[in-house]
Amino acid sequence: ECIWREHEATQRQRCELTDELSAKINALNDAVQASSLWSNGALRKLVLHEAIPRTLQDELGLDTIVQRVPTNYIKSLFGSHIASRYVYERGLRASAFEFYEFMAARYDTAAADAAAAADA
123 ECIWREHEAT QRQRCELTDE LSAKINALND AVQASSLWSN GALRKLVLHE
173 AIPRTLQDEL GLDTIVQRVP TNYIKSLFGS HIASRYVYER GLRASAFEFY
223 EFMAARYDTA AADAAAAADA
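Residue numbers (the working numbering): 123 to 242.
The set of hints was computed from the structure by calculation and includes no laboratory data.
Computed from a predicted model, the values in this text were never measured in an experiment.
Incorrect hints may appear among the rest.
[Unchecked claim] DEER-style ranges, computed between Cβ atoms:
#1 Tyr222 - Asp185: 28 to 34 Å
#2 Tyr222 - Ala242: 18 to 24 Å
#3 Asp152 - Pro192: 15 to 21 Å
#4 Tyr229 - Lys197: 17 to 23 Å
#5 Val191 - Asp152: 18 to 24 Å
#6 Ala131 - Asp180: 37 to 43 Å
The C-beta atom is built at its ideal place from N, Cα and C for all residues, glycine as well.
Make the full structure from the sequences, and use the hints.
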């Protein structure tokens, strides 16, 4: 869908857009992994909950998966999930401020989930 939207807007070839999309996701993934986003436990849990298949979570539980899989793999999954969701949702021409808005919504959801869990 992202490639389709970009092609319609720019008339660039889809193969060029695919390469650009991949490069943008990879660069953002690296930036996310190097950032302090990982240190926010509520955000980390929200993103991993979204990224890890539901059937696997139902079978083992999110905490067990995180304990069993090496941290560098989990961190990579965290970064790639954020990066790919952002780029696919906002497109190739999205700004840094749009990333802020994208993450602010994630922070709000993570905080609400953490508060609900504390009340339970």
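Compare the structure with the hints numbered earlier in the document and write down the numbers of the violated ones, lowest to highest. 2
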